[in-house]
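Using the sequences provided together with the hints, build the complete structure.
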Amino acid sequence: MTRVAGRTRSKRARPRPDGWAWAGIIIVATGLLLAVAGPWLAPHDVGAIISDSNFEAPGITTLLGTDTLGRDILSRLLHGARLTVGVALAATVLGFLIGMAAGFSAAEIKGRYDDFMLWLADMMLSFPPLLLALIVIASLSSSLPVLICTIAVLHASRVARVGRAVAMNVAALEFVEVARARGESLVSILVREIWPSTIRPLAVEFGLRLTYSILFLSSLSFLGLGIQPPEADWGSMVRENLNALQTGAYLAVLLPAFSIAILTVGVNLIVDWLGAQSGRSISEELTG
Amino acid sequence: MFKLIIRRLFLGLLTLLAITVLVFLGTEILPGDVAQAILGQSATPETVAALREKLGLNAPPWERYFTWLANILAGDLGNSLANGIPVDRIIGQRIVNTINLALYATVIALPLSLLLGLLSAAWPEGTFDRTTSSTTVFFISIPDFVIAIVLIIIFARELGWFPSVVHRPRWGDVPVALGQTFLPMLTLVLTILAHIIRMTRAAVLDVLKQPYIEMALLKGAPKSRIIIRHAIPNALGPIVNVVALNLAYLVSGVVIVEVIFTYPGLGRLMVDSVIFRDLPLIQVAALVFCGFYVALNITADVTAIMANPRLRFAK
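Chains as they are written, first to last, in our numbering: chain P, 0 to 287; chain E, 1340 to 1654.
Treat the hints as calculated values from the structure; they're not laboratory data. Keep in mind that a hint or two might mislead.
To be verified - To be clear about the criterion: a stretch of chain E counts as covered by chain P if any three or more of its residues have a C-beta under 8 Å from a C-beta of chain P, and this derived list gives those stretches:
#, region
1, 1471 to 1482
2, 1526 to 1534
3, 1582 to 1594
4, 1602 to 1613
5, 1624 to 1631
Note that beta-carbon positions come from the ideal geometry of N, C-alpha and C, so glycine has one too.
Listed below in structure tokens is the structure:
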């Protein structure tokens, strides 16, 4: 985590990942792996009550102990990985698709359409995100599609702004000019000409948005408004086991809480490294 | 400049209006038939129809929206569905509690983060800067509730210094209340501290890159003078901007913190009313929160405009 803003950047195109970046890559890869394979690796069923006593200490049958209802924490963590990582990833990708479509087309079409898109994005950005999500969940109640779409919409406005700014520069380049002269369609220009040149600048944004997705989903679940029981992501596991704080069996709360924290720190380590490559850093991102 | 500020205020008003439309859509139109919900499943179609008529649900949506907005503006906030108590009686004390907590956090966080940010910028890449940077990356990356839980385990459960739940903050007796709400305050401080430190550092470093700073340096001005006399006044605009944005961030931070510490503020009220679908309460809580948020964002923009002459002539 020493790799932060300000250090002299290597001018090479692709500096090799340093120690912290490797740590980030390993963490994120593990997270993805668990999201895919977690439920199969889990020794017990996600809702199976395997012990009469709650908050049992780790043992041979339950490697990480049991939770507030006597369910296996390890199994629930493994199942939760798929929801936490899966929903966050789906929301981020969807948000990027919407945001890029809006931002790129605004940069290419310009004029009134561009003004309208900017206004729309600014309008969306002036809503407090958590409150917006609460209102949506209050009216539609919480489900996977609602959660994914809500988080995606929250991303879309910011991605549209960043995407528009990046695409503006690309759209002025000669090869896009040539494509336009060839009479290529709008979709073809956006997808084949503009998009490939924006991947690297937008990669940093993708990482930042992914972190945000994970934090946002976990927070909603923690509030009881995200993933609904009997399913559980890591955020809802923290919520379920809060009474462990009173009994002293901290493990049941700390394991899911730290899982979230490690995952988001991991993503940010990669973001920091990517940012260093493209000359941007997290702090610049935050101020920019 | 005044034209620009007035334009910004007008945009803010427009945003507030958009928010009322959204809140209305979300809580009056989408959730389905209120009359049916009030009377329950066993109601006969006739009684439901009668209640619909009485509640004005048969009017077209836009007409209902204006009636609803007029009522709220007139101070008629409706009654809670859960217990029939008028909403304004429920939220009064809640708002005071939330504002007090947010103020407490702000008063501690602001001077601390500005100082740490300045010190980081004064010796960039020094040991202090590096330590602060690593710590802030860490705090930005982890969710607020994880910070809160760790604080509860250390300071409430193990050391027993501060309470982990605040059912009744006694703001009448300030020293007691400050102790009661110490952990919620600390959680909020830790969540915004990192952002303000990083942005302050970036803002000051940005100014330090300017030619006139180099000029001052070449004239032999000492570092302290350069930072205090030359850099800070020019970095002030961006910093105030950052501060206002972070206070706006407190709006969502406070919701989570209030839930963890069972603190009787507006945030927990909002979450509870979403869980129980107490729609009149959701409406008012959402409008109050959004109002604060929009106001802080406007403050951020207006100070930025006033501090930076270049922004005065934005398109």
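Coverage of the region 1526 to 1534 of chain E by chain P, judged on three or more residues with CB within 8 Å: violated (count 1)
Outcome, coverage of the region 1582 to 1594 of chain E by chain P - at least 3 residues whose beta-carbon is closer than 8 Å to one in that chain: holds (count 4)
Chain P covers the region 1602 to 1613 of chain E, three or more CB atoms within 8 Å, holds or violated: Satisfied; 4 residues make the cut.
Annotated coverage of the region 1471 to 1482 of chain E by chain P, confirmed only when three residues or more have a Cβ within 8 Å: With 8 residues in contact (Cβ-Cβ under 8 Å with chain P), the coverage given for the region 1471 to 1482 of chain E holds.
Proximity test - 8 Å, beta-carbon atoms, the region 1624 to 1631 of chain E to chain P, at least three hits: holds (count 3)
Hint compliance for this structure: hint 2 is the single one not met.
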